[in-house]
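Asks: Please work from the sequences and hints to get the whole structure.
So the sequence lines, in the order shown, correspond to chains A and B. Residue numbering for the first sequence follows our numbering, starting at 1 and increasing by one per position. Residue numbering for the second sequence follows our numbering, starting at 423 and increasing by one per position.
To be clear, the hints were calculated from the coordinates, so they are not data collected in a lab. Ideal Cβ positions, reconstructed from N, Cα and C, are used throughout, including at glycine. Please note that a few of the clues may not be correct.
Reference listing, derived: stretches of chain B covered by chain A, where coverage requires no fewer than 3 residues with Cβ under 8 Å from a Cβ of chain A [unchecked claim]:
hint, segment
1, 493 to 500
2, 705 to 711
3, 721 to 727
Taking beta-carbon pairs under 8 Å as the criterion, some of the chain A residues facing chain B (in silico) [what the hints assert, rightly or not]:
hint, residue
4, G275
5, V293
6, E301
Label pairs and their in silico Cβ distance ranges [said to hold, decoys possible]:
hint, chain 1, residue 1, chain 2, residue 2, range
7, B, W642, A, E230, 56 to 64 Å
8, A, P320, B, R483, 53 to 61 Å
9, A, D187, B, P457, 54 to 62 Å
Number of protein chains: 2
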Amino acid sequence: MRILLIGAGGVGNAIAKIAARRSFYETIVVGDYDPARAEATVEWIRARHGQHVASRFTATRIDASDPDSVAAVAREHRATHVMNAVEPKFVESIFAGAFAAGADYLDMAMSLSHPHPTDPYARTGIKLGDAQFAQAGVWEAAGRLALVGMGVEPGLSDVFARYAADELFSHIQELGTRDGANLVVRDDEGNEIFAPSFSIWTTIEECLNPPVIWEKDRGWYTTPPFSEPEVFDFPEGIGEVECVNVEHEEVLLMPRWLDAERVTFKYGLGDEFIGVLKTLHLLGLDSTDPIRVRSTAGPVEVAPRDVVAAALPDPATIGPRMTGKTCAGVQVTGTGTDGLPRSVYLYHVADNEWTMREYDAQCVVWQTALNPVIALELLATGTWSGTGILGPEAFPARPYLELMQRPEADGGYGQAWGLREP
Amino acid sequence: MRILLIGAGGVGNAIAKIAARRSFYETIVVGDYDPARAEATVEWIRARHGQHVASRFTATRIDASDPDSVAAVAREHRATHVMNAVEPKFVESIFAGAFAAGADYLDMAMSLSHPHPTDPYARTGIKLGDAQFAQAGVWEAAGRLALVGMGVEPGLSDVFARYAADELFSHIQELGTRDGANLVVRDDEGNEIFAPSFSIWTTIEECLNPPVIWEKDRGWYTTPPFSEPEVFDFPEGIGEVECVNVEHEEVLLMPRWLDAERVTFKYGLGDEFIGVLKTLHLLGLDSTDPIRVRSTAGPVEVAPRDVVAAALPDPATIGPRMTGKTCAGVQVTGTGTDGLPRSVYLYHVADNEWTMREYDAQCVVWQTALNPVIALELLATGTWSGTGILGPEAFPARPYLELMQRPEADGGYGQAWGLREP
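Replies: Below you can see the structure in the form of structure tokens.
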């Protein structure tokens, strides 16, 4: 397996660092629009693991927005797999470039949605991933695989859902992905500060888009933002966090392969963050349309959302000042294999102190990066295989969870996952 | 009396329109940095009242930031009084220019404060008006008058406080200015929108500065923003509004002339607006320091607060889409002249539909503009007189309130005020 990893930002950087401890691939080419960023990733690997590991990595420049650039770099390095680790707005160009180069493709977020033009808070318009699934026939005919939504959420959450369907339930009422954390960021004086652990730009996009829900007798539909608030009790000391419906890939993926009455995604944003997002929307500060603003250099045109992002600490820099854990998982309700009502929460927790110590990566980013590496390893060994556009739930879950949990000393990833049952 | 009115923005424009119905002065020169704005004010007066009224008005250009420009225009027009109706950041330059030209001076907001460098939420630094009161000796020696803080709040509120001290109370426990409104702005479809009726830039400045409180045994001191929240029930159908301490001139003015145990100012911002201001502060979007932001024309430097102001509707444009009333007043508690405990709220209410119909001015702006016109008339007739730096409470209140309330047909302003007692 020869991997072209596109993007050496937070998640791409962590993918390379996690993969550096594995041996299932022949080479990884780290491509970024800023080649210095890709070099820095390879340099970290060299410093931590030595030249024999770093020699399997190459840094290069790539333009993710240009399918020709993607295809050219993939061909040059004879990539068998293109791993997309950049912002979702580049999904379609990378997806096309990988196909042109004859490589298989993986991503962690799917092509973007567009709300319904007249009824956005009730009906779907163009859905997440629609642009990719529209190409399913072409990929199948070519015998190529695109494994889409293969991060932690979507990704591990979909694996958990498949596991529940295969082994724990005879009938599923709801597959409810629930994501929450108790992360706190402090300034140099030790005071808590407001500093999201992920891009505020992307979070606004996710949270202010109409959330999508799937029901068997109704199909996909949307609601207003922040609908169906629910206090969810997260495990391992994280505790109760207010969660609301958010548009997310799981809701588009799971119903394609798994049988359930209802599929939802709720994000544990917490009261404060929900309030912040509502206020930004109220004031028009979520907008990506440039407005005219006075400046000392005369009037300038800026998008308010870019200003909000620029005013906050860079999420890439807050890892050392952050404490706490993040949890990703799926709450499954229905009828157990024994015919009795059952409700379980399948989850994985990442602790920021541990991920910083082991990988110099903050936990939200690291947890996302872990999963595509596991998936690539399963594809490399042939444990997972397929063609067309497939989600993680299209593949058997047990070998995935076994490889993830097995101790590193025994060739696994040493990452325990949990099953909580009342 | 020959008046140089500086500023033809919202309040300056309304001052000219209100004065156009009066005859106590010889001429009013309307000066603005943008002479077209001053012309527009005179043009409105011509259209509404005819050439015989408009002939008493002259439009001119003036640079409020330059004392020499202020003095030159004042001298050219032989101004006896300079009426400052621009942003408070120009107080010191206009104040100096008026003195240089030998004119008396009035304003509606005093020179700006600077927080205490090490203990901002407990101790005062440079207080509102300090730069002006420092010149009191010079103005007194020259026999000139500066009447400071003569809008509605400060202004009418101080007149009410003087009235309470003179006629209603033998001992005052607290002079508590309380300001609230039930204004609603709607978009073209009739939906309520977030659109402050006053400059968000100035409101952020007022509300995030440390609020100041005066106590007889302690003097002036400060608290954190939004301290001592209180639900105040405003009269004439406005109802309950959440009020919090805000830095305001009344607290600096009243104790200099009136005897009270405590002086406070609370602003009825309401839950939603307080939440918005807290969020802007949390995200650093209240800042006036430019930050680097990406734009289609490359990186630019903008102050987040300027972006917030630019994203909201211009307060000058919302009058026609606004409904509701605004109330300014003082809650006075203490011992009545009969020796019994007493608590009264003295207030004035302006209704936006009425101010729009009569003056093409939204009610918050109009209510502010009304009071300096009344004060100028009392100075012109000699009912009020004095030298040095004086607040409204330094003058007798009864003639002011009588002139304000007397019907227009009888030579008054026809503006009823209220006294509410439990």
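Asks: Find the hints from earlier in the document that the structure breaks and name them by number, from lowest to highest.
Replies: 1, 7 and 9
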